[in-house]
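Work out the full structure: start from the sequences and follow the hints.
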Amino acid sequence: MSTQAIKKTGSKDKGNSKSNVSKWIVDNVIYLVLILLVVGIVVASPDFLSMTNLINILSQASSRIIIALGVAGILITAGTDLSAGRMVGLAAVISASMLQAGDYAYKMYPHLPELPLFVPILLAMAATGIVAALNGVIVSKLHVPPFIATLGMMIGVYGLTSIYFDRPPYGAQPIGGLSEKFTTFAQRGIKLGHYEFPYLILYAIIVSVIIWVVWNKTQLGKNMYAIGGNPEAAKVSGVNVARNLIIIYTIAGLLYGLTGTLEAGRVGSATNNTGNMYELDAIAACVVGGVSLSGGIGTVPGVVTGVLIFQVINYGLAFLGVSPYIQFIVKGLIIIVAVAFDMRKHAKKK
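The sequence shown: position 275 = 275 (UniProt numbering), numbered continuously.
Simulated crosslink set (BS3-like; lysine-lysine; CA at most 30 Å straight-line):
#1 LYS181 to LYS191
#2 LYS141 to LYS217
#3 LYS181 to LYS107
#4 LYS222 to LYS141
#5 LYS222 to LYS235
#6 LYS235 to LYS141
#7 LYS235 to LYS217
Derived from the structure by calculation, the hints contain no laboratory data.
This is the structure we're talking about:
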């Protein structure tokens, strides 16, 4: 082989190597950002790196992970859901109203006997599942754009929740006095050594595993990605787009319901404003986690990491004493950069 040929081969290998490194960085940028955030906060305040802070971050992120996984499934189909947060509120008031302590003076249902824990939770999830299924019908059958369909549903669900919440004779006051079994379900944890790992973290892990299996190992998951990538091609390939969209929206609704019950139990009360703006946080976390707004792209680990990034920002900057207003600016910039990266990658694929 001539010297010139060897030089060309060497240059080609170097080019491929650089290309592979660039691709790896782009593919894993979300995890690098999380690591850099943690490192930056630790450098500013070494006390941040403790097991207690880690447990607090994971605990606070757990319910947000569950709602984000529901929103992510819809985003992958190239849709969106602005009603997610209000459905969280609906589930919160339903579950809280049925799980108040027997001796609480302001029970919403004073004559309601003590129910098994799972009954109100399932009823709350059923309610949000029905509302979300209706979203799916409106989007898939009536062909209303997801943004408009879920915006209308967001307003309607808030009105429904407010009617339920503003009950006589006590009026619109927080639904409190929750039974001990309910607060234990959401607030307590497993003792391991000197630390208590909240059940919330366990619930988030279980839901994440289930959703990973649905997305990666079932026909519904394959259809979800196919619809998001190209709905017309999916239809030609024999995919029942309408039916699959309704199922995906319904699953999201069930996850919103679970989030609402966990939030009510974690906080110890519920109002008609529980869950307000949660949908925007969930959408932002999904986008930062690599879920494409153009549809067809997204992973469970990416969504979980996106939620953790925002939680690290919230907790870390608060730990450093940074103004909440600055935190909003930082989060806004991260969202803009994430969407810019997403659109750039999508443009290259086209």
